[in-house]
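We have chain A already, so just place chain B on it with the hints.
Chain residues, written in single-letter form:
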Amino acid sequence: MLAIRGPGTCGSAEIAILYAKFPTYVAEPEIMQDITQALSLAVALVAKGDADLIEIVALSLRVSLVALACACALGIPLGAALAIRSFPGRGVILIIINALMGLPPVVVGLLVYLHLSASGPFGFLQLLYTPTAMIIAQTILITPIIAALSRQILADLHAEYAETFRALAISRRRSVAALLWEGRFSLITVALAGFGRAIAEVGAVIIVGGNIDHLTRVMTTAIALETSKGDLALALALGMVLLVIALVVNALALGVRARAAGYAHA
Amino acid sequence: MLEDEGGLEDEGGRARPPAGEAAASAAATATMPADAMATPADPDALLADPRALRCRQLTLTRGGQTLIDRLDLTLPPTGCSVIMGPNGAGKSLLLRLAHGLIEATAGDVRWGPDAIAPAHRLRHALVFQKPVLLRRSAQANVLFALADRGLSRTICEARAQAVLVQVGLASKATTPARALSGGEQQRLALARALAIEPAVLLLDEPTANLDPASTAHIERLVTSAVAQGLKVVFVTHDTAQARRLADDCVFLERGRVVEHAPAPTFFAQPRSEAAAAYLEGRLYA
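Taken in order, these protein sequences are the chains called A and B. Just so you know, the first sequence maps onto residues 529 to 794 in the numbering used here. Just so you know, the second sequence maps onto residues 55 to 339 in the numbering used here.
Only chain A is shown next, with the shape it has when bound in the complex:
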């Protein structure tokens, strides 16, 4: 029997009344009763390396890592240009990029959907409901984050080194390369932040990916689906994997920062 603790203690009769009135907001007693069992099943799924679980995790990693690579390829040069060069419209671009850092994933999903749908301008590519569409959505989502954070890091480094580089007659190309190398540890942290945002995102990929089994189902969309179906075991197992990934990413970020501090002596 489920006991719900609230301002007062409710009995089964009260729960039945509440569930009848607000079925969405009151947990089904059977589901809650199964939570321990679901947890054990989830651990078992992770431990034995369930094929479905591995497939979903692998696709999630593939989509988010490719999106991260694309976002870094676009965002870091954009950040470097904004940090180092002065050109008309730079201020406007900066404001837009900073604003896009808080871009809602569902809006990105919707925009990509509109462009990739059959009636959209890129419908002929037939990318909707494919991993490529998910990669595009995640790339759009995290590129502003990578660009804005890279710009800040590179602008600070540029302020520190610009006069020295000019005094030494270092070319612009080599100056940029040197700044990227000097800021490599901070930029890796930026990339990890972007990866964290991509892998944990659900709104955009569910719209453009469709959460199709064995094709576009990733961890976050699977968790959402399995939870709504009441199959908590797989949802919890995926949640565990997601948490472990988040922990590993954070540990890596900390390690990178520690290494940077130790290496630079500054």
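These are computed hints drawn from the structure, not numbers from a lab. Where hints are given, some of them may not hold.
[Said to hold, decoys possible] Here are the in silico distance ranges between beta carbons for each label pair:
no., chain 1, residue 1, chain 2, residue 2, range
1, A, 583, B, 212, 13 to 23 Å
2, B, 212, A, 653, 55 to 65 Å
3, A, 576, B, 186, 52 to 62 Å
4, A, 755, B, 232, 48 to 58 Å
5, A, 638, B, 171, 53 to 63 Å
6, A, 780, B, 111, 52 to 62 Å
Glycine is no exception: its CB is placed at the ideal position from the N, C-alpha and C atoms.
Leaving out everything else, chain B in the frame of chain A:
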């Protein structure tokens, strides 16, 4: 005739000698640079030397403030010219203008016959008061300075090794530059400058905040560079250091040259009240 129109007169209206004395003084000093007095060489030929600095009516304004005020100055192509003056006099700005790091509001800077251009930075070197070193090894910092000069890797490494030996940092070639002491970092900055084999070395208070041993080390390197034929322009607040290093002295105040004379003359008989007070360590406003 080589002359230093603005530099040898007190443009601020301070302690001008009487007219006759001024004429005698001008006769004694108008043949600046110092080496020109010792060698009656053709002054035009001296000014044709790309190591001779000429500033004419040089002006720099920022935010409505005039930081360099119609400054006229001619520095000889050899020896060590020391620039002195109180804080805010424009010493560091003058070096930056002379190195082409900032653009003058008016007037011009010439090295020999040529107006200042980015190409001068390939042949001249500037060392800042606070060296900014890359977060990599001492040797890598020197190699970085040589990277864009079309030299082979072998030559670059040989030069880096040679200058690190010269500044006494050979044993610390692989040490992260930012882990070096303040004196070592400044020597590394000097090594980085010397590695490009410059014709002119501009030093902006390179020994400020250094202990006597580190200062002595830097001074030995400067003296050695001058002996090898480099033109050195050295900014300092330290009058004792100026006495040790200077062949000629420039005294700046409020963005103008108050006095420019051969070192012995400048230290024995400063003609301006400001320079006299500065040299005696007297407080003045």
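Right, here's what the structure says about each hint:
1. A/583 <-> B/212: 13 to 23 Å: Hint violated: Cβ distance 57 Å, outside 13 to 23 Å.
2. B/212 <-> A/653: 55 to 65 Å: 56 Å, holds
3. A/576 <-> B/186: 52 to 62 Å: With a Cβ separation near 56 Å, residue 576 of chain A and residue 186 of chain B satisfy 52 to 62 Å, so the hint holds.
4. A/755 <-> B/232: 48 to 58 Å: 51 Å, holds
5. A/638 <-> B/171: 53 to 63 Å: This hint holds: roughly 55 Å between Cβ atoms.
6. A/780 <-> B/111: 52 to 62 Å: 59 Å, holds
Hint 1 from the earlier list is the only one contradicted by this structure; the remaining hints agree with it.
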